[in-house]
Amino acid sequence: MKKALTILLLIITSVLSGCSGGSAAEMFETAQFEELQNNRAHAMQLYENIIKKYPESGYAAKARERLSEMKKD
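Position one of the sequence shown corresponds to residue 0 (numbering that gives the first Met the number 0), numbered consecutively onward.
By construction, these hints were calculated from the structure, which means they are not laboratory data. If you're wondering where the values come from, they're calculated on a predicted model, not measured in any experiment. Mixed in with the good hints, there may be bad ones.
Unchecked claim - In silico DMTMM-like pairs for lysine to aspartate or glutamate, Cα to Cα no more than 25 Å straight-line: (1) K70 - E28; (2) K71 - E28; (3) K61 - E47.
As the list claims (entries may be wrong) - Label-pair distances were calculated between CB atoms; the ranges are: (4) Q36 - K70: 30 to 38 Å; (5) E64 - M0: 29 to 37 Å; (6) D72 - K52: 30 to 38 Å; (7) K70 - S22: 32 to 40 Å; (8) M0 - S56: 34 to 42 Å; (9) M0 - G57: 32 to 40 Å; (10) M69 - M0: 17 to 25 Å.
Glycine is no exception: its CB is placed at the ideal position from the N, C-alpha and C atoms.
From just these sequences and the hints, can you work out the full model?
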């Protein structure tokens with residue numbers, strides 16, 4: 000069951016991250032999920048994409064915060 004859930008979440012993540020029209024909220028949620036899965040490189044890429052696509056959004060501010068924290072580690 001756990002393996003099936005993990006596979007399902009990975010599929011959902013792939014779909015969301017592959018959508019070029021994804022909202023800032025969707026991208027941020029996916030980035031957080033990637034962090035939880037220890038996929039730092041993809042999470043950082045998603046945070047950077049949020050900052051580029053939605054520079055004035057609240058999610059961009061949160062993404063900058065997360066990137067800063069991740070780069071400290």
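(message) With the threshold set at 25 Å, check whether the alpha-carbon distance from K70 to E28 stays at or below it.
(response) This hinted pair holds, its Cα atoms lying about 19 Å apart.
(request) With respect to the beta-carbon atoms only, verify the hint that Q36 and K70 lie 30 to 38 Å apart. (result) violated, 19 Å
(request) Given the range 29 to 37 Å, decide if the beta-carbon distance of E64 to M0 lies inside it. (result) For E64 and M0 the Cβ distance comes to about 35 Å; the hint holds.
(message) Does the beta carbon distance between M69 and M0 stay inside 17 to 25 Å, or does it fall outside?
(response) violated, 31 Å
(request) Determine whether the Cβ-Cβ distance between M0 and S56 falls within the hinted range of 34 to 42 Å. (result) holds, 36 Å
(message) Please check whether M0 and G57 have a Cβ separation lying inside 32 to 40 Å.
(response) Between M0 and G57, where Cβ atoms are some 36 Å apart, the hint holds.
(message) Can you confirm whether the C-alpha distance between K71 and E28 stays at or below 25 Å?
(response) Given that 25 Å is the threshold and the Cα spacing comes to 21 Å, the pair holds.
(request) Return holds or violated for the Cβ distance of D72 and K52 against the range 30 to 38 Å. (result) About 25 Å separates the Cβ atoms of D72 and K52, which means 30 to 38 Å is violated.
(message) Just to be careful, I want the Cα atoms of K61 and E47 compared with a cutoff of 25 Å; is the pair within it?
(response) This hinted pair holds, its Cα atoms lying about 11 Å apart.
(request) Go ahead and decide if the range 32 to 40 Å is satisfied by the Cβ distance of K70 to S22. (result) violated, 25 Å
Of the numbered hints listed earlier, those contradicted by the structure are 4, 6, 7 and 10.
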